[in-house]
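**Student:** Construct the entire structure; sequences and hints are all you get.
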Amino acid sequence: MDKRLTFDATGTVCPIPILKTAQKILEIEVGEIIEILADDEGALEDFPAWCEQSGNEYLGVEEGADILKFYIRRRV
Numbered sequence: 001m002d003k004r005l006t007f008d009a010t011g012t013v014c015p016i017p018i019l020k021t022a023q024k025i026l027e028i029e030v031g032e033i034i035e036i037l038a039d040d041e042g043a044l045e046d047f048p049a050w051c052e053q054s055g056n057e058y059l060g061v062e063e064g065a066d067i068l069k070f071y072i073r074r075r076v
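Take the sequence shown: its letters are residues 1 to 76, numbered as in my numbering.
No lab work stands behind these hints: they were computed from the structure. Predicted model, so just to flag it, every value in this text is computed and none were measured.
The list that follows gives simulated cross-link-like pairs (lysine-lysine, DSBU-like), each with its CA atoms no further than 30 Å apart:
#: 1; residue 1: 20; residue 2: 3
#: 2; residue 1: 24; residue 2: 69
#: 3; residue 1: 3; residue 2: 69
#: 4; residue 1: 24; residue 2: 3
#: 5; residue 1: 20; residue 2: 69
**Tutor:** Laid out in structure tokens, this is it:
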């Protein structure tokens, strides 16, 4: 996956990763991908819901032992 920007939200809990992602995604162009690193299990539900509300495309998550990597394509 060709990501444009990586944002590290580890050590924070929702809604902080969502709020920061909403700001960071504005740093990339429409069609580009942001990767968000998180360790809050609540993000597994929060990011897909946020994408649906915001109009961005949720591409999925890679689950590692201690980290979650979320991929979102900017659509708006």
